[in-house]
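Note that the protein sequences, when read in sequence, are chains A and B.
When we follow my numbering, the leftmost residue of the first sequence carries the number 42, and every step to the right adds one.
When we follow my numbering, the leftmost residue of the second sequence carries the number 42, and every step to the right adds one.
There may be inaccurate statements among the hints.
Since copy identity is lost for identical chains, a pair holds within one copy or between any two.
Claimed, not checked - No farther apart than 35 Å at their CA atoms in a straight line, the calculated lysine-lysine pairs in the DSBU-like style are these:
#	residue 1	residue 2
1	K123	K269
2	K220	K393
3	K294	K322
4	K451	K72
5	K125	K328
6	K347	K445
7	K445	K45
8	K451	K45
9	K328	K294
10	K76	K347
Since the hints were derived computationally from the structure, they do not count as laboratory data.
There are 2 protein chains.
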Amino acid sequence: MSKKNALYAQSGGVTAVINASACGVIETARKHKDKIGTVFAGRNGIIGALGEDLIDTSKESDADIAALRFTPSGAFGSARYKLKGLEDNDREYERLIAVFKAHDIGYFFYNGGGDSADTCYKVSQLSQTLGYPVQAIHVPKTIDNDLPLTDCCPGFGSVAKYIAISTLEASLDVRSMAKTSTQIFVLEVMGRHAGWIAAAAGLLAEQGIPVVILFPEIPFDQAKFLAKVDANVRKFGYCTVVVSEGVRLADGKFLAEQGTKDAFGHVHLGGAAPVIANLIKEAHGFKFHWAVANYLQRAARHLASKTDVKHAYDVGRAAVQLALKGHNSVMPTIERVSDAPYKYKIGMADLKNVANVEKFMPKNFISRDGFGITEACRRYLTPLIQGEDYPHYANGLPRYVTLKNVSVKKKLPPFAI
Amino acid sequence: MSKKNALYAQSGGVTAVINASACGVIETARKHKDKIGTVFAGRNGIIGALGEDLIDTSKESDADIAALRFTPSGAFGSARYKLKGLEDNDREYERLIAVFKAHDIGYFFYNGGGDSADTCYKVSQLSQTLGYPVQAIHVPKTIDNDLPLTDCCPGFGSVAKYIAISTLEASLDVRSMAKTSTQIFVLEVMGRHAGWIAAAAGLLAEQGIPVVILFPEIPFDQAKFLAKVDANVRKFGYCTVVVSEGVRLADGKFLAEQGTKDAFGHVHLGGAAPVIANLIKEAHGFKFHWAVANYLQRAARHLASKTDVKHAYDVGRAAVQLALKGHNSVMPTIERVSDAPYKYKIGMADLKNVANVEKFMPKNFISRDGFGITEACRRYLTPLIQGEDYPHYANGLPRYVTLKNVSVKKKLPPFAI
Chain A
42 MSKKNALYAQ
52 SGGVTAVINA
62 SACGVIETAR
72 KHKDKIGTVF
82 AGRNGIIGAL
92 GEDLIDTSKE
102 SDADIAALRF
112 TPSGAFGSAR
122 YKLKGLEDND
132 REYERLIAVF
142 KAHDIGYFFY
152 NGGGDSADTC
162 YKVSQLSQTL
172 GYPVQAIHVP
182 KTIDNDLPLT
192 DCCPGFGSVA
202 KYIAISTLEA
212 SLDVRSMAKT
222 STQIFVLEVM
232 GRHAGWIAAA
242 AGLLAEQGIP
252 VVILFPEIPF
262 DQAKFLAKVD
272 ANVRKFGYCT
282 VVVSEGVRLA
292 DGKFLAEQGT
302 KDAFGHVHLG
312 GAAPVIANLI
322 KEAHGFKFHW
332 AVANYLQRAA
342 RHLASKTDVK
352 HAYDVGRAAV
362 QLALKGHNSV
372 MPTIERVSDA
382 PYKYKIGMAD
392 LKNVANVEKF
402 MPKNFISRDG
412 FGITEACRRY
422 LTPLIQGEDY
432 PHYANGLPRY
442 VTLKNVSVKK
452 KLPPFAI
Chain B
42 MSKKNALYAQ
52 SGGVTAVINA
62 SACGVIETAR
72 KHKDKIGTVF
82 AGRNGIIGAL
92 GEDLIDTSKE
102 SDADIAALRF
112 TPSGAFGSAR
122 YKLKGLEDND
132 REYERLIAVF
142 KAHDIGYFFY
152 NGGGDSADTC
162 YKVSQLSQTL
172 GYPVQAIHVP
182 KTIDNDLPLT
192 DCCPGFGSVA
202 KYIAISTLEA
212 SLDVRSMAKT
222 STQIFVLEVM
232 GRHAGWIAAA
242 AGLLAEQGIP
252 VVILFPEIPF
262 DQAKFLAKVD
272 ANVRKFGYCT
282 VVVSEGVRLA
292 DGKFLAEQGT
302 KDAFGHVHLG
312 GAAPVIANLI
322 KEAHGFKFHW
332 AVANYLQRAA
342 RHLASKTDVK
352 HAYDVGRAAV
362 QLALKGHNSV
372 MPTIERVSDA
382 PYKYKIGMAD
392 LKNVANVEKF
402 MPKNFISRDG
412 FGITEACRRY
422 LTPLIQGEDY
432 PHYANGLPRY
442 VTLKNVSVKK
452 KLPPFAI
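Bound conformation, chain A alone (with noise of 0.2 Å):
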């Protein structure tokens, strides 16, 4: 096997962990150096590629590129730009191929969810016919936790973690309220499709807090949730609901989406919280306090999962060891051995069985009456959240770090994306 430089490229939204990833592509890349030459990284992804923006990680200092393990965002930029079908689109995989062979890459190194692992089989595929054969592999990542064939994705463990210990907060501080003041918390979690980080809330049942959760899978049922929620207030006196970003209600609609106006006449799409609150305080008068969480959820480092950072180098680190080995069109994944203790292992899986499939919650995570989680979910994803990793602080700041990020040399002419 000759010496190839490689290309790492960031896609899609980030995470709190997916410089973890990075981190563990570039050491262990830097530890083979007699057959990876330098490691490049994409601009702001896989525009980068094509553009041939594509960044020195070898100007980067190893304590800078240590720091990646503790820096939430995408170091390098992300992207969030899917490649088009092959039929009316050879020319972007040309390009990329073109780009590659500039530089002399033969490893590609693709993190991201569902749509750039549909990607990096493409180009595995490709670079063959195209007859500049790269290998592809790709590095999972999604807060999502959609992807096939892992147990988890690297970046789900420390949001799941983050919206457990945020709701526990604010409930305990609504509980301490209620008497005279706030009953209702509303916390408004990400989660278009699958209600896996809504779920997380579901792990503070056991200490006795009363959640109820709006999945996206469960069609939004006003009078049945109204009763729950009044009947926890009557219970324990206050009551927190983590409603999913994508919960719908029966016709489909987006509880999100109501199309609201403010005073400046614009139309604007309010949040779920919002909604949700305003219906309790119609329907039983509660006060109540509302938050969505946002981007603080998947950009929240200071609170990351030790297991999914693991899980996150662990993953950077195999991808490069994978193309070591050969592989190609592969990615690595984490296979669970058992709950508790938790132990898993690196496994690996075919691109071609990845790419389109998407993971749903299993029907028996969610509890009968679709306001919680079931003890399988529980143990599923108590694992997940275990252990921290705090970054370290200089003036009360974490520090993250911000690298050089110094350019290539142009070889190719401009390209049109």
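Could you slot chain B onto chain A? The hints should help.
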């Protein structure tokens, strides 16, 4: 000085560290059993005191009391309840004295903000008049940071740290995504009258994060604001906006009170964040995300400032020490000795000078353009977010304590509140 019991009560909105003050009060009292008998706590604050609904804190183990230092929320319940003016309401004050008398209470420690300082002051004055002298000591607490005569208020430093870090993390996220997706992130933070909490995001400027702050002190100037955001996006590729919930238009109307209606036809208060986000979208077309931190920010004990926790404990301890020295009608204060290295000592203020005085942000803390903070503000804020003081974790979640809260047998007839 004969031995007397003590009453401790929490008041108003709770914080991440108010229980650290409770811990300081109770642990210190336990060291002086010759002078202080039982520390009772009002269940739900002053409501419990009026209703003779007292908690016997001597039933709690030393370990559980120590755990209060790490537990957010109000462990005994708090209340939003302001005693009425003496003119129309000596009934409530007479009742309080009757409860004190019935339970041999000679020390009243009231843990709250401006309103409770006023109540505490009146109790200190009236107990003499009504023939049952009680030493009333106010323990300062408020995330609003608006009490006079103390350099800062316990509770504020932790919120400031949470907002600075959450804004940093979300900003790095947006920076990663800005090329193809989100360019604007808007975070709404607490602060109806003063911009102290929003100001904390100004600490990120030295990290090169483009943050535009909207303070309640500065009437919202739409054109100027939109120009500033646009300039940031042109320069940095993205822009973060931190908006106080209390921001108002020039006519005095809250941005958040836009009287929107949802699809159910219910008028509801949207947050200021979606209003701001949509204004930017309308003007510039930038893609946005927004978050409303709400209770998450004041309950976030997982990210508390070590300095703030220490302040909170210290004022609790000092309150008992002041009482033991014979003081009445006072509040322990935090007196800054130096900024860097940060040093402080505990002072004392007369309650008559605390009650009904609000401290606003000094004019020289807000930058000339109205969207950031000055160097003076940075020097003030920096020490308050210093240090981390993590709770213990079990199974991935913080081990926050829930006390037994055993009721004291009532001795008086019921009282209608």
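Against the structure, the hints:
no.	hint	in the structure
1	K123 x K269	between (42 Å within a copy, 32 Å between copies)
2	K220 x K393	between (57 Å within a copy, 29 Å between copies)
3	K294 x K322	both (22 Å within a copy, 23 Å between copies)
4	K451 x K72	within (27 Å within a copy, 72 Å between copies)
5	K125 x K328	between (49 Å within a copy, 22 Å between copies)
6	K347 x K445	both (27 Å within a copy, 32 Å between copies)
7	K445 x K45	within (23 Å within a copy, 65 Å between copies)
8	K451 x K45	within (18 Å within a copy, 81 Å between copies)
9	K328 x K294	both (27 Å within a copy, 22 Å between copies)
10	K76 x K347	within (31 Å within a copy, 47 Å between copies)
Taken one by one, the earlier hints all hold for this structure without exception.
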